[in-house]
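Kindly produce the complete structure, drawing on both the sequences and the hints.
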Amino acid sequence: MESLIGKNSDADEVHLNNSIISRLTPEIPLCPKLAKLFLQEKNSLTTLPPSFFEHIPVLKVLDLSHTSIQSLPPSISKLCVLEEFILRECSLLMEIPPEIGAVKNLKVFDLEGTEIMYLPKEIGKLETLERLRVSLSAYADDYKDRNGIEYIIPRMTISKLTKLKELSISVDPEAKWWEVEVLEAIMHDLLVLPDLKTLKLCLPTTKLVQHFLSLERYQVPIFSGLWNFRFIIGHCEQLPFSVQLDMEENFLKLEKCVKYMNGEGWMDENAELIRQARALYLRRHWTIEKLSLFDVTRLKYCLLMECNEMQTLVHQEDIYEDRNRATNHGEDAMLGSLQFLAIHFMKKLQRISKGPIGRNSLSCLRILALHTCPELTSIFVGCLLDNFKNLTEVIVEDCPKVKSLVTLEATSWSKGPFLPNLKRVSLLDLPGLVSISSGVCIAPQLDTLLVFNCMSLDYLSIMELPRDTKVIKGEIEWWDALKYGKLTWNSVFVQFKRDGGLMDQLAEDTNSLQHFLELPMVLTHPDSSLQVDQNSSRDDHLWCNYQYIDLTEDWEQVEPLQIDHNVPSFDEIQDMSSRKILNSDDDTQSQYDGTAVGMWESPFPVSGKPHNEDTECDFEAPNHKDASPKKRRVYKRRKKLEVTTKMVIEERLDDGHIWRKYGQKEILGSKYPRQYYRCNFKLLHGCKAQKQVQRSTENPSVFVVTYFGKHTCPRTLHTSCSSLATESASTTFRIRDSSTPTELASTISESASTITDSHFQLATSPQTLDYTNKFFQEEVLHPSFWTLEPGEGLPLNSLHLQI
DNA sequence: TCCATTTGACCTAT
DNA sequence: ATAGGTCAAATGGA
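In terms of this note's numbering, the first sequence is numbered consecutively and its last residue is 884.
Treat the hints as calculated values from the structure; they're not laboratory data. These numbers were taken from a predicted model, which means no experiment stands behind them. Each residue gets a CB set at the ideal place from its N, CA and C atoms; glycine is no exception. Some clues are possibly wrong.
Unchecked claim - Restraint-style ranges between C-beta atoms, simulated for each label pair:
#1 ASN228 <-> LEU272: 23 to 31 Å
#2 LYS769 <-> TYR299: 49 to 57 Å
#3 VAL515 <-> LYS578: 24 to 32 Å
#4 LYS244 <-> GLU456: 51 to 59 Å
#5 PRO525 <-> ARG755: 53 to 61 Å
#6 GLU370 <-> ARG227: 41 to 49 Å
#7 LEU173 <-> LYS202: 49 to 57 Å
#8 VAL515 <-> GLU390: 24 to 32 Å
#9 LEU765 <-> CYS161: 35 to 43 Å
#10 GLU589 <-> TYR565: 28 to 36 Å
See below:
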């Protein structure tokens, strides 16, 4: 560091990315001109020397994101002209020193992803602060016990920040201190912030939502003055395994986002919030039968998960209701603004829409992704084919009842080709799929057709797909078995490589939200038909991430996809690389590279009732490893391929926590040994969690995992959870894709000739389907299925896993 | 005494 | 050097 800055003490901007510096030297030379200092992503950076900030008097921007610093030296008080202080994802940072109050010119203070326990009251001195983002950790509960709840977010602190334009407070979902009283106090503080335009809050109960909606300043609801918001209503345990957590994270960064969990009831009190939302993430609504129960006319992005009563999204009758309401648009368009729709784990979903729902319904939809909907039968219904004018991509995965993308009905429809903008079709794990589109001509502009594990699809017809489709990607076994169409498209067939990269590839290919973000922008205006702006490049698109645009009006001008300001974007990276990078010995951009997508678990909640929080299983969010996600990934990838039963067990049972095996024992009366694991943080944090894993004698494809004790280790680095989880997913895949199904079957399972799981139904015997169905019915993999054992010290829950 | 569980030294792969 | 599995021996509850 010394030499680096020493050599460049005239620099006004210094980036130190990915260099290996575990400790900055205590003495740093004077850098009188340094205005911007970027030290992101050095996990190894743990300590800043006490006097570190004394010599950089004109520093305006300081970015220490993704470092492992544990504290800030008091010398931060010397940064009297600092305007931006970014500490994102500094997961070991638990305290902000009171000296922060001396940083008088601070405008942006970003603590998202840190584990701080409380806000020092000195924050209130930062009168110029315009953007404040904090995330308070579960440790705040301990802090409360020691100091009292009023010290976590001291009263009258936020209300002093009168210049505040953005306030974001994330809290650990487990936090107990985040309750009505605290929130009401914060809301009260909001009333005196005249410029507040962006607000991100967790609202644990519906009552608090109501309270928030009723907040008024000069008789104007605070809510109506917001340009952007993110509200997380209710709570749920985190997705048990690796179900596209990256997607979830990114989704929450979309403009006007509401995440609503564990909802219940018809007349939903949160409807107003949802009405104003552009992005809705609905998870585990226990009673909703159709999405159109909410006013979703303005919705642009929608992510639905585990709403087990939902059978369809929109119903014919809604249209007539809507007409009666005489909306301003005067059009009968349900979901007429929707551009992105992803659905996961919907137990009863049968179809997207029922009956004729108006010619503009779903007409803006650009990406449709359907994952693990066991009852889904219809996707594009004949009479609605004309609606999907702007659909560019469709992904269907693990929907065993889907026979074809198109369902013909008795009603007549105009002649094709339909789906004029469809460019990519991805079909994965659809054992029932026998035809692409039931003979209907679709997708005249198709670029890529991806088929994976759809072994009943043995017929590709030029009636359905254009002759000039550019790429058809699939497994060689499937292509070889194809009865028709091989000749037509042989030149464009691309075989999946079985080289360990396959699952990463598939994960990328099905990362619908990522694809969406990469699409060019669109103009949406009620009066103009949707146009794709062909001239806007990816960079333009991402540039928009940094713009605040007032979206509150009904009349929406050019409305670019808006993502949070600090979403890492490609242009950010490019920007960085074009600047002076003083030291860069590693070109990884772990944070930004392609996200792996886990697609192999199926966490249907038990239908009917929300869980009782107290008796709920102890499953916790996947934990992180100390290495960076990227590092881990590379590490695992490098592991020699060794397809053994043992390895599959280990990989498959990776539940996101880091376990250390400490023993194995033959158990009387069991064919297979029992393995003992303890949480890896036992020594470091005294974590008491343990688990035992044993293959079932009765059904060798089932592993019984019994958990003992709660994890008490700190859950740092939320962001890496997903990466870790997806990592485990991808390694699981890696093992599988390294062999043919047959090889695997013989290796993995001695007795049964099948390997089954929710995602890969590789084998073809009837047994496979039986298992699969059983899996769906019993929700074997979902934590809520785990049975609670009576008595103290007994297992907290057991889990049956099938491989 | 039996046998499940845990310990800790040791080994191996990265 | 470290993480993490292996294995024999120790521990402890019924």
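Unsatisfied constraints (hint numbers, rising): 7
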